[in-house]
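Peer 1: Fit chains B and C to the known structure of chain A by using the hints.
Taken in order, these protein sequences are the chains called A, B and C.
Quick note: the first sequence uses the working numbering, first residue 4, plus one each step.
Quick note: the second sequence uses the working numbering, first residue 666, plus one each step.
Quick note: the third sequence uses the working numbering, first residue 42, plus one each step.
Since the hints were made in silico from the structure, they are not lab data.
Errors might be hidden in some of the hints.
These stretches of chain C come out as covered by chain A in the derived footprint (C-beta under 8 angstroms, 3 or more residues) [what the hints assert, rightly or not]:
| no. | segment |
| --- | --- |
| 1 | 92-102 |
| 2 | 213-225 |
Just so you have them, the derived chain B footprint on chain A, three or more residues with Cβ under 8 angstroms [to be verified]:
| no. | segment |
| --- | --- |
| 3 | 101-115 |
| 4 | 216-228 |
Backbone N, C-alpha and C define an ideal beta-carbon position, used for all residues, glycine too.
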Amino acid sequence: MAGLTDRVPVLEMVGVSKRFDATQALGGVSLALYPGEVHALVGENGAGKSTLIKIMTGVHAADEGTILVGGEQVTLRSSADAQRHGIAAIYQEPTIYPDLNVAENIFLSHRDRGVAVRWGRMYREAEAILARLDVHLDVRTLASGLSVAAQQAVEIAKAMSLDVRVLIMDEPTAALSAHEVAQLFRQVRHLTAGGVAVLFISHRLDEVFEIADRVTVLRDGRLISSRPRAEATPQRAIQEMVGREMSEFFARTEHRPGELVLRVEGIGRAGAFAGVSFEVHKGEVLGLAGLVGAGRTDVALALFGIAPAEAGSVELDGRPVTIRSPREAMRHGIAYLSEDRRQLGLSLPQSLTANITLATLRRYLTRLRLVDTGAEHAVAERFRRRLSIRAPSLDTPVERLSGGNQQKTMLAKWLNAEPSVLILDEPTRGIDVGAKAEVHHIIDELARAGMAIVLISSDLPEVLAMSDRILVMREGRQVGMFGRAEATEEAIITAAMGAA
Amino acid sequence: MRARLGPERLRELSLLAVIAVSVVVFSRLVDNYLSGSFFNRVTTSMAITAVLAAAQTLVILTRNIDLSVGSIVGVTAYLTGEYLAGHQATAPLLAVALAMGIGAALGLLNGTLVAYGRVPSIIVTLGTLAIYRTWLIDHAKARTITADSLPRWLVEFPQGTVLRLGGLDIRVVLAVAVLVIVALQLALGRLRWGRWVYAVGSNPDAARQEGLPTERIILGAFVMCGALSGLAGFMFLSRFGTITVAAGQGLELAAVAAAVVGGVSILGGSGTLVGALLGALLIDLLEQSLVRVPEVSEFWRDAVLGALILLAIAGDLAIGRRLRRLWTSSSRREREASVGG
Amino acid sequence: MAERVLRWRTELLLAAILLAVVAVNVSLSPFYLRTGNFVNMFQLSIEKAIVAVIMTLVIVNGEIDLSVASVMGFSAAVVASLHDSGAVPFAVAVLVALLAGAGAGLLHGLFVARMGLPSLVVTIAGLIGFRGAARILVGDRSIGDFPEWFDRLGQEPLVGRFSLALIIFLVGIVVAGVVLQRSAFGRAVYVIGNNAEVARYSGIDTARVKLVLLTTSGFVAGLAGVLFAARLGSVRGNLAEGFELDIITMVLLGGVSIFGGSGTLVGVALSILIILNLRNGLGLANIQATTQTGIIGALLIASVLVPNLVVRFGRRWRRAAPEPGEVRPIQRPATVDTRRKE
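With the rest of the complex left out, here is chain A (with noise of 0.2 angstroms):
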């Protein structure tokens, strides 16, 4: 489009740099966001993505290096500043206030609507504003009551109603379905017509193609590329992001599935799913896809004993069992990696190790019933070496980890406990290409040595992918099983939308 570079970018970036002891986080970037326009940004894990986040909000000063807000310069020393020129952002989980309702999450954070509140008022405002998102919601409901899209979107209400100029979205669509990612863009077409300049970061690369008018690579904290999108590739994009050739999709080894391990009978549970019956082998990877909030979660956590099944038959090597606790599941050899690592998944301040040893530290009991520290740490360096974690050493907090690796860490904490069948729930979640593929690689590895699988995922190149069948789910019922063969995208969308 001609005439672009002669508009006044909304915020640029001049040779930013900023140091953290000795890594250098960003060196010499340069960036430009022009109103009405949305521009990814994509890189793996420590590319130097976030840090230019936190300096464009004000969490962090930079080193070196101007920021120029709508061509005057500025310092931005907070987040009030940075709010100050219209400067907000929107992160995976979603920030609210969980027992205030849409309404007052809208405008909470607005400092000139006076000392009183007009509560009708501020309800058809809500409203107002939902109305120009395309967005249906009862202003009056409590936040929390809301899922995670419906959440989001107040988010972006919110950043609506304060008149941002720049919307940074970091992973907007980590926990959001096909659906919901469809309606996330269309309120971001609504905000770009607003002359809103939207940064937008996402390691979906098919999501970034489709809704980018720009695309700009980091690598190492250097800007490696900034172009058009008709003038990107995802597959340069990737060659870009991590400096050498990859093949995006990870293609799995064939091999043949062995006896039949799980088999599950019409299970349900009152409000969240009915009906459910599937069967796995061993060295077989069974995709569970549909979209956020069909009952995929709820079915892991009933053959988890979360939250058990009230209904139907559970059967493991044959024998009919109940789960009515994770210990019982455990013991039945059922392992479950849950999709919220942080906040279900992983001990934050604890250790590589002492997470690792978490669900199996019977094994490592002196005869005193103490734990034997040294037999710990063997089986956390030989984790670490098989999965290939990458950490300062093994006593360091996960919490200091990249998401890959807490992932990996997490994969090894149930892969300790020797299970027969493995349910991992968005187990590529919010981490990088490069990390990704490595765990695409492990759960091949582990079909192939006879553990029985059972993937749920929301990003469905990876169902595809990787699952040998795949049993997609609505609204809590199955709607379909499909082989290998007949299973192709358009198929399972329209399986899980239940579109006519």
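Peer 2: Below, chains B and C without anything else, positioned relative to chain A:
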């Protein structure tokens, strides 16, 4: 359009229901239970706890706790009594202002340490509970304030009546307590500052990130808690007349209990002052009613009270959980059908 | 090495404070460093110290037990009233009292672990209830006249200069320390205190751990109550009233986080020594017990305030690392229903 009955209104209503049921049950067990004098007794004695419960609620809403309110009551009651004993001609309003001012100052110290010193409130108020009490003991040097040294109007204050309905007296103390609480509840609901109090307790990190003046809000909550505790101290002084250095000891936990029974979440962000008032009423009602049941000796009172509080919370939690699940799941189904249109 | 210093920095700070307090005391009184004085110092607060040991585990686990002082009073009242009625031999009365304490703890534990009620609220109810129960048993009176062997166990040394209570404390704190730091149960206690959901999702039976801890807390409080009765020689309905605050102060001053998930018994041991030495020294300087309490309150606040200020001003001075305050907002995921707060 779904009914406007939010979970907080629901909680207040269920408390009223429990209170009503208790009255019915006790009227069976006790002769002359439904009498005017009993009503007067309960309402006057609960006024102090109610004010303290409201004070505590303000702080709990911000995800903090104030264990020093008992000591603040003691200090303000004593100092106000001391002053009045020496200056008999002081105007009543001035006396109240004095008590509340002292309380506010003590609350200011609490709030500063919590908001700006970033010391967890349980630690700060555990410390000031001891410090304020120690200061009082040092200052008083074992002297007691006695009722006959106080101005007449103060001693007669608990008897003062605003309205007389048949045998029921609406005492001034009760009226003051209810008015203050209702006024504050309206403020919390209508003023932006009030909504910020809830926000800070609901998600403190988000509040800070969005540029809310979190420190000032928390400081304000502690100052108001202190001022209200000062008011309670004044009411305490007028009710008992004789103030020793141990005055107010233990009231902090009763305030927390009343707030919790009243539906205030200990995690912050939800609950109402009126709920705390009802919680105080329920606890006081149970306490006073048990005394009157002839089979229950005086010493059984506390034991049974503890059990009843436990039952109240457990029962309410079980019912509340079920109600909330119904409420959010039905509305969620509506919503998920309509997000994105 | 630096990593290890960092991990134990709270305990090192406490050790420094303890040394300072002892140094001041020694300089003020030449008789300070005699064993007699050391043992004596413990006597007056030994029961609180014993309960502080179990309270540490309870708080590290993310819970709190405010009923301990009332359970102390309750168990003492059980011993006294049974003895007074003459219904059973005294030794049996002691046994019943210990069981009563455990029973109280079990009751709290069931409400917290099985019903999921917050321990703060449940144990406040217990604080009120069991104090009342103590008053039911003992009434307005003071019951004493216990068997001689009982009084002797409570008031005189058992081994060398150490009384039974002191021995129980020393053994208890070592055992608890080993359990907390080095056993699987101790690991579970930490993880649950840190994030109970993660513990649950890792197959840990969080309800059982909480139940065990609260029951033990009741039992230890019962034991402390009986020991206190032995030391006093008589029991009133208000025995140990208000002790819970001192006990919690001992634990919090020891660097145990009130939010759970961190803290050690080494820190609590140091804090107990600090408090006892402080009280002892102040007492020798003729400062009243109530004033001592105020000073300890100030010390508690300072123990958290000062490191906070140092870190904040230190950071401004160094201007290097990112601030720990800038963390992601606390999230409550809306997708997993089991985590909704009540």
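Peer 1: Closer than 8 angstroms, Cβ to Cβ, for at least three residues: run that test on the segment 216-228 of chain A against chain B and report holds or violated.
Peer 2: Our answer is that it is violated, as 0 residues pass the Cβ test (under 8 angstroms) against chain B, missing three.
Peer 1: Count the residues of the segment 101-115 of chain A whose Cβ falls closer than 8 angstroms to any Cβ of chain B, and tell me whether that reaches three.
Peer 2: The restraint on the segment 101-115 of chain A holds, since 7 of its residues have a Cβ under 8 angstroms from chain B and three suffice.
Peer 1: Given as covered by chain A, does the segment 213-225 of chain C meet the bar of three residues or more with CB within less than 8 angstroms?
Peer 2: holds (count 4)
Peer 1: Given as covered by chain A, does the segment 92-102 of chain C meet the bar of three residues or more with CB within less than 8 angstroms?
Peer 2: violated (count 0)
Violated hints, in rising order: 1, 4; the structure is consistent with all others.
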